[in-house]
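Enquirer: Use the sequences and the hints to build the structure in full.
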Amino acid sequence: MSKYMLIMRGTDESNAAMLADIEASMASTRQYIEDMLKAGVLLAAEGLDEPRNGVVVDFGAEAPVVTDGPYGETKELFGGYFLLDVASKEEAVEWAKRMPATRGSKIEVRRVAGEDEVPAADGN
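According to the numbering used here, the stretch in the sequence shown is residues 254 to 377, in order.
Honestly, the hints are just simulated from the structure, not real lab data. Hints may be right or wrong, so weigh each one.
[Said to hold, decoys possible] In the DMTMM-like style, the derived pairs of lysine to aspartate or glutamate whose C-alpha atoms are separated by at most 20 Å in a straight line are:
(1) 359 <-> 329
(2) 291 <-> 347
(3) 256 <-> 288
(4) 256 <-> 347
(5) 256 <-> 370
(6) 350 <-> 338
(7) 359 <-> 274
(8) 342 <-> 370
(9) 256 <-> 361
(10) 359 <-> 302
(11) 350 <-> 361
(12) 350 <-> 299
(13) 342 <-> 369
(14) 359 <-> 347
(15) 342 <-> 288
Expert: Dropping the structure here:
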């Protein structure tokens, strides 16, 4: 089994569409979570606060620069994630395709690197 993260990415438009019918969106998301729990693949799921409440720490200059949200040049925002334990990338993609996402949203599917893939402090 491998861990995969389904990263929810939305735009201002897709987020507004979701909020326009929040009760239906939440009901379909609760069902989606229940389906993943029944299948035994869901490890964690979290949504994020509004972008305007966050900050970006930019390391592009000599000293880090902190900028308050929202971020005008950003077209897509990371809204939350689901962490799954599945047999393959293909299975993770199938779960992503089942997500009750709003039109215009995207789901990024990324494998979580295992402990054995992180270089040790001694370089081995």
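Enquirer: All the hints need checking, so say for each whether the structure fits it.
Expert: So, going through the hints one by one against the coordinates:
1. 359 <-> 329: The hint holds at about 9 Å.
2. 291 <-> 347: 16 Å, holds
3. 256 <-> 288: 17 Å, holds
4. 256 <-> 347: The given pair, whose Cα atoms are some 14 Å apart, holds under the 20 Å limit.
5. 256 <-> 370: 13 Å, holds
6. 350 <-> 338: 16 Å, holds
7. 359 <-> 274: 19 Å, holds
8. 342 <-> 370: 17 Å, holds
9. 256 <-> 361: It holds: about 14 Å lies between the C-alpha atoms, which stays within 20 Å.
10. 359 <-> 302: 18 Å, holds
11. 350 <-> 361: 11 Å, holds
12. 350 <-> 299: With a Cα-Cα distance of about 18 Å, the restraint between residue 350 and residue 299 holds, given a limit of 20 Å.
13. 342 <-> 369: Within the cut-off at roughly 19 Å; holds.
14. 359 <-> 347: The given pair, whose Cα atoms are some 14 Å apart, holds under the 20 Å limit.
15. 342 <-> 288: 18 Å, holds
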